[in-house]
Every structure is written in C-alpha cells, then in structure tokens.
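A.B. asks: Sequence:
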Amino acid sequence: MANVMNAFGTAAEQAVAKPALAPVARKKAEGKPAQPRHPAVAPVRISALYGHNPKQNQLLNALPEEDFERLLPHLEFISMPFDMTVCEAETQMNHVYFLTSSVVSLLYETRDGASAEIAVIGNEGIVGVTLFMGGGASPNRAVVKSAGYGFRLKASVFMEEFRRGGALQQSLLRYTNALIAQMSHTAVCNRHHNVMQQLCRWLLLTLDRLPSNEMAVSQGLIATMLGVRRESVTEAAGKLQDEGMIQYRRGHITVMDRVGLESRACECYAGVKKEYDRLKCSHAKQK
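Each residue of the sequence shown is one higher than the one before, counting from 5 in our numbering.
Some hints here could point you the wrong way.
What the hints assert, rightly or not - Just the calculated beta-carbon pair ranges, DEER-fashion: (1) K284 - S160: 41 to 47 Å; (2) P85 - S160: 23 to 29 Å; (3) Y252 - I184: 28 to 34 Å; (4) E69 - M163: 20 to 26 Å; (5) E69 - A118: 43 to 49 Å; (6) S216 - Y112: 16 to 22 Å; (7) K289 - T258: 34 to 40 Å; (8) S216 - E69: 29 to 35 Å; (9) C285 - D261: 45 to 51 Å.
The set of hints was computed from the structure by calculation and includes no laboratory data.
Each residue gets a CB set at the ideal place from its N, CA and C atoms; glycine is no exception.
Produce the complete structure using the sequences and hints provided.
C.D. replies: Here is the structure:
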C-alpha cells in the first residue's frame with residue numbers, strides 16, 4: 005500500500021506538504037465509558053493515505069469541489085477491522101464515519117443479549133445520522149462486518165457544515181430517507197418472509213457493498229444478523245449451494261449466480277435497491 009501514490013486533488017496536495025503525524029493510541033471510546041469490543045485503529049493524517057481517497061465514499065464524492073475541499077483537512081483516515089465497534093447503543097457519537105471499503109451493520113440488541121441487524125451501511129453512506137436527526141445518542145450498536153477503511157469527521161465540524169444548508173445537507177437527508185426505507189423493508193422481511201428469502205436479501209445487500217463476489221462471513225454471524233437459528237441458515241445456505249448459486253467454505257461465501265439469488269429473494273431487496281439507485285441518480289444530478 006505504501007507504494008501507491010496519493011491521488012487527491014488540490015487540497016490534498018497542500019496537506020501532503022505537512023509532515024504526517026505518528027499514530028497515537030486513542031483511549032477514549034465514543035460517548036459513554038463503555039469500551040469497544042474491538043478497539044479502533046488510530047487515525048492518520050491525510051498525507052499518509054497512500055492513495056486512499058475520501059471520494060470513494062459516495063456522499064463525499066457527490067459534493068461540489070468547494071464543499072469537499074472545505075471538509076478535507078478535517079477528515080481522518082482510519083482502518084476499520086472486522087468486529088470493530090464503531091459506536092455502542094445509547095452513546096453520544098463524537099464523530100461521524102464516511103465508509104469507503106468497509107461495511108458496517110447497525111444492530112438492535114435486547115436486554116437478554118439477543119440481536120438482529122436492522123440495516124447495513126457501505127460506501128453509499130455514513131454511520132452517525134442521529135447527530136443531525138436530533139436524536140443525539142445512537143439507538144443502535146454499529147459494528148464492522150466487513151473489514152476495510154473509512155474517514156471520520158468530528159461531530160462539531162460535521163454539524164457546522166450540515167447547518168450551512170448546502171449540498172451536504174441535501175445529500176444526507178436523501179441518504180437518510182434510503183436508510184429508513186432499508187430499515188422498513190428489513191422489519192417486514194424478518195417478520196413475514198422465510199429464512200431462505202431473508203438470507204438471499206442479506207447476501208445481496210452485502211454483495212452490493214463489496215468490491216468482489218466473495219465475503220468473509222460465517223453462518224453463525226449470518227444467523228445473528230438475521231435473528232434466526234444457525235441451523236436454519238445452514239439449511240438455506242446448503243440449498244443455495246446445491247443449486248449452484250453460492251459456494252461455501254468455512255468462514256467464506258462466494259456468490260456464483262447473482263441473478264439466481266435475486267430470483268429467490270423476496271421483494272424487499274428490490275425495494276431497498278430501488279431507493280439506493282434513486283439516491284445515486286440524485287448524486288449525479290447534484291454534481
């Protein structure tokens with residue numbers, strides 16, 4: 005990675021002129037004292053990114069250049085390893101996270117420790133919509149389910165830009181509408197559709213946010229995300245493998261037939277995809 009040239013524009017080139025700061029261990033977790041189950045990797049300065057570009061995030065990429073360059077000096081590049089807790093439920097977030105290559109699950113957890121995924125976020129969005137929606141503390145736990153990278157921005161800087169009422173605000177509101185639609189479809193799907201349909205929806209939503217057709221995930225993790233028994237996931241995944249739609253080996257799933265998965269999924273996936281396709285069209289018009 006160190007041999008890749010930094011591909012940023014004007015503001016980034018100015019940042020490169022400054023010496024990179026050595027990573028510093030971060031001891032404070034977001035919000036309350038509860039420590040993340042997997043500690044965050046210390047962020048680094050823009051000058052040490054070696055080609056990682058904030059514009060790999062669709063929200064940042066949709067910004068007019070003037071707005072993007074205003075935010076660029078404040079963005080912190082971070083590694084987001086698998087199972088890293090981005091924020092705990094009922095904690096005040098001190099940053100928002102613009103994802104580039106990582107994938108994050110929003111989980112709702114019950115008092116007895118049971119949990120289920122209510123939404124998945126990739127490079128189309130951010131973690132931290134509660135900051136500008138007036139809720140303050142996050143109602144959900146956010147956990148990295150596919151390792152990668154992202155950029156974080158201090159909440160104070162983020163809210164100052166949001167209150168300008170410009171392009172970022174409009175993009176964020178449209179994104180939040182798509183996120184709410186995903187949550188709505190997930191709630192209906194988990195209640196009314198069978199495990200096979202839920203699994204196909206989950207695989208497709210995850211696949212949409214990955215650069216390849218392979219995902220590092222166990223059947224146990226999928227069962228946790230869907231809130232169902234592991235045996236049910238094993239049975240459904242076995243049928244998909246027998247039909248040649250996926251290949252499964254311990255801890256990895258490779259999608260072999262996306263069209264087949266879409267045919268086995270319920271209408272919930274198509275509904276979610278429609279909202280995000282509409283979001284992409286809005287970004288294109290904004291540019």
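A.B. asks: Any hints from earlier that this structure breaks? Give me their numbers in increasing order, please.
C.D. replies: 1, 6, 9
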